[in-house]
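First to last, the sequence lines map onto chains X and U.
UniProt numbering numbers the first residue of the first sequence as 1 and each following residue consecutively.
UniProt numbering numbers the first residue of the second sequence as 1 and each following residue consecutively.
Each statement offered as a hint is correct.
Identical chains share a label here; the pair holds if one copy fits it or two copies do between them.
Capping the alpha-carbon separation at 20 Å, the derived lysine to aspartate or glutamate pairs in EDC-like fashion look like this:
#1 Lys222 - Glu106
#2 Lys267 - Asp325
#3 Lys222 - Asp291
#4 Lys222 - Glu293
#5 Lys415 - Asp105
#6 Lys222 - Glu294
#7 Lys62 - Asp445
#8 Lys364 - Glu239
#9 Lys236 - Glu106
#10 Lys345 - Asp433
#11 Lys358 - Glu409
#12 Lys62 - Glu46
Don't read these hints as lab results, they were simulated from the structure.
There are 2 protein chains.
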Amino acid sequence: MHYNSITPELSSKIERVVGKDNVYTSNEDLEKYSHDETEDFSFLPELVVKPASADEVATILKICTEHKIPVTPSGARTGLSGGALPLFGGVNLSLERMNKIIEIDERNLQATVEPGVINQVFHEACKEKGLFYPPDPSSWGSCFLGGNLALNAGGPKAVKYGVTNAYVLNLEVALPTGEIIWTGANVLKNSTGFNLTQLMVGSEGTLGVITKAVFRLIPYPKQNLLMLVPFASAEKACEAVSAIFRAGITPSGMEFMERDAIDWTLKYVEDVQLLIGEEVQAHLLIEVDGDHEEVLFKDCEKITEIVADFDAGEVLFADNQNDKDALWKLRRRVGEAVKSNSVYKEEDTVVPRAELPKLLKGVKEIGAKYGFKSVCYGHAGDGNLHVNIVKADMSDDAWENELPKGIREIFELVKSLGGTISGEHGIGYVQKDYLDVVFSDKVLDLQRSIKQAFDPAGIMNPGKVFN
Amino acid sequence: MHYNSITPELSSKIERVVGKDNVYTSNEDLEKYSHDETEDFSFLPELVVKPASADEVATILKICTEHKIPVTPSGARTGLSGGALPLFGGVNLSLERMNKIIEIDERNLQATVEPGVINQVFHEACKEKGLFYPPDPSSWGSCFLGGNLALNAGGPKAVKYGVTNAYVLNLEVALPTGEIIWTGANVLKNSTGFNLTQLMVGSEGTLGVITKAVFRLIPYPKQNLLMLVPFASAEKACEAVSAIFRAGITPSGMEFMERDAIDWTLKYVEDVQLLIGEEVQAHLLIEVDGDHEEVLFKDCEKITEIVADFDAGEVLFADNQNDKDALWKLRRRVGEAVKSNSVYKEEDTVVPRAELPKLLKGVKEIGAKYGFKSVCYGHAGDGNLHVNIVKADMSDDAWENELPKGIREIFELVKSLGGTISGEHGIGYVQKDYLDVVFSDKVLDLQRSIKQAFDPAGIMNPGKVFN
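Starting from the given sequences, assemble the full structure and let the hints guide the process.
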């Protein structure tokens with residue numbers, strides 16, 4: 001694909017759309033917008049543009065289509081698959097100024113937001129009104145709702161409440177051809193035409209730019225209980241996960257952490273202390289929530305009985321908010337802690353929940369074969385295991401040339417277990433070479449045809465998802 | 001669009017794919033497959049073909065693409081929007097022989113089924129294993145899961161548990177071009193490429209034929225309580241709906257029935273008796289479910305308090321299974337009862353829940369303006385109101401020429417309230433002329449481009465959804 005560079009004339013044209021103050025060209029600014037949280041990648045955009053409205057976004061996209069300028073939409077740039085990397089230069093279209101919560105509609109339990117609203121800010125605003133927006137990725141303190149939509153982000157609560165796509169009712173989208181559309185309606189059920197709403201969710205900025213979203217909300221659960229369960233065997237911990245669901249309990253959090261994950265995080269997050277027995281190989285962090293404390297205590301009792309069958313150690317109950325916050329902080333910081341330790345690659349594998357033990361065992365075997373170490377953790381209740389491959393003392397040659405074969409082998413294992421290669425991080429830049437593991441040529445062709453229908457000039461986030 | 005007729009040679013070719021015994025050509029058979037449950041429409045197919053496998057389906061579709069023969073996929077033909085009407089003759093592809101529950105996977109709480117499995121049969125098979133498949137359209141005793149997927153069907157439980165699309169994980173699809181694809185993976189969260197699974201759901205047989213589906217299941221709730229609440233004002237009943245949700249209660253059923261709906265049904269369903277006070281104008285049928293009876297009783301108490309604020313009459317509790325079955329029978333049979341009374345048209349309006357009173361009021365005003373009577377009922381908790389327009393003593397001229405203007409006005413009202421023109425019945429044949437009320441030209445163009453990518457020869461269910 002050939003793209004044009006941004007000429008001074010074009011730059012002026014864009015300035016006239018968003019105002020001179022909202023176009024950035026200094027080296028410092030370009031550098032800042034050259035990366036997200038994915039490994040150590042950096043690709044400089046030619047311009048950073050910060051529109052304030054759907055109209056401005058649409059106008060810029062139309063100009064870029066006419067002049068064949070690549071556009072990389074970006075949010076908080078917390079992504080882990082390189083979706084916000086401006087691979088081909090061009091415009092980095094930052095949605096950060098479009099950060100209004102337009103309405104929280106308490107009559108209908110719905111909210112309308114702009115894409116630049118921070119997930120946690122939205123969560124708290126809903127909570128103040130007794131309403132609950134469950135999706136809460138680890139980066140919720142900084143990530144944007146627009147990015148969450150682009151990647152169909154999850155988080156710990158997804159196990160009971162579903163991921164982002166379970167809460168989206170309707171999207172306003174600026175198309176690369178300059179039109180602004182609404183994909184659906186503000187309703188809980190909809191059988192009217194093809195589901196363009198769900199097509200946009202998870203499309204990683206390759207089809208258009210989401211400029212408004214309507215979410216459904218639910219009543220905020222009044223109570224929750226949290227426990228940390230140690231296991232002498234990581235595989236046994238994974239087996240316990242499936243058993244808890246089969247007993248009819250649906251926890252609101254069911255997180256898995258390998259020994260290394262928790263050790264490294266304890267070192268990284270200095271204000272949390274936890275004594276862990278030598279024999280412990282993994283933990284489950286289990287939360288239950290609801291409106292009736294007595295029911296939650298019964299659930300916890302039952303969970304305690306079940307984990308005992310899988311050789312769990314002594315269960316730690318967090319019985320006050322401080323302890324709860326400390327345990328969640330540990331879990332939310334694992335990614336950063338691993339990252340601070342070594343160059344790494346994060347794989348976002350997902351399988352049917354009961355296949356987790358096989359996945360974990362397979363990952364370790366493949367690691368042994370190719371000579372890499374992995375630190376595993378993630379949303380075990382959803383079968384979503386983050387495999388952090390750390391470079392440690394691997395040679396650059398092995399890292400560059402052998403590791404991709406190992407990753408492919410992990411993904412082939414995932415596929416054979418009924419799973420797929422990304423549960424919540426997206427394909428973006430770093431996983432696109434592996435898409436053939438899970439999709440046939442025909443499926444890829446169909447996806448490319450859809451892309452072509454939305455984005456005939458191929459300007460939207462080029463080099464992502466597809467090769 | 002020009003289609004070819006089926007020649008004797010082509011018919012033989014198709015017979016060689018599925019076996020002579022599975023191709024039907026008698027007048028009686030063609031007549032039987034000429035209609036679904038939509039008004040009194042009838043369009044004869046040229047052949048009825050009953051394949052037994054995805055391979056057979058794909059082969060037939062490929063032949064039909066090559067020879068430009070229209071294909072109308074059909075399930076149990078219980079649809080209410082004319083989706084299974086063979087408008088252009090050709091092949092009626094009946095999925096009724098593909099009726100196996102392939103697996104109920106208790107380890108992963110998932111099931112794999114063929115499209116011809118009856119909804120209730122699947123529901124009961126899951127229930128036997130303690131598992132719950134919630135979507136349950138009124139026709140659940142006969143409708144097929146494949147049809148439910150094609151229309152994104154709902155039902156009374158949707159208010160708490162969501163509609164069909166909330167349970168689909170992965171689909172096997174035979175494409176008109178002859179390939180067989182899987183759209184996704186058997187996982188609870190997925191950020192891998194465009195969501196073709198959700199694109200297929202609700203596509204009404206216009207993109208391909210679903211030949212297998214993987215559903216997620218949840219634990220079967222152990223208890224439920226059911227109550228029937230009479231109101232002296234239909235609008236007050238609708239107002240109460242929103243108030244109950246705002247109080248933090250999510251019922252597992254929240255059905256609305258106008259006085260006429262229940263009167264007509266009581267006449268139609270002779271074995272259910274119910275004494276209704278003269279002042280009663282509407283009922284809400286409210287179910288709560290869960291694992292803890294004491295919690296459900298508390299919910300019912302709270303609901304009773306709330307409805308009192310909306311001038312509810314005396315609440316009837318169904319305190320045994322027989323009474324519960326009787327009340328649900330009444331609700332499930334309303335559609336048939338209205339149909340038995342008069343020629344009618346059923347509109348499947350859906351709005352944000354709190355806008356129901358405005359919708360109901362508007363429907364009656366529009367009816368008065370155009371001279372039609374309507375009987376309204378439906379899934380009030382979802383904002384999904386079925387507006388049954390009965391011909392009664394309207395002239396044929398008014399029915400043919402004036403009524404469509406009235407329907408358009410209802411849909412314009414629905415749109416202005418944030419809603420759309422089908423919540424669970426689909427667009428099919430009868431609503432396609434109104435699609436412009438809710439979609440811009442650009443949205444329709446995008447949908448047509450997607451159709452073109454999947455079905456370049458335009459053989460899949462032609463004349464449905466789009467004009």
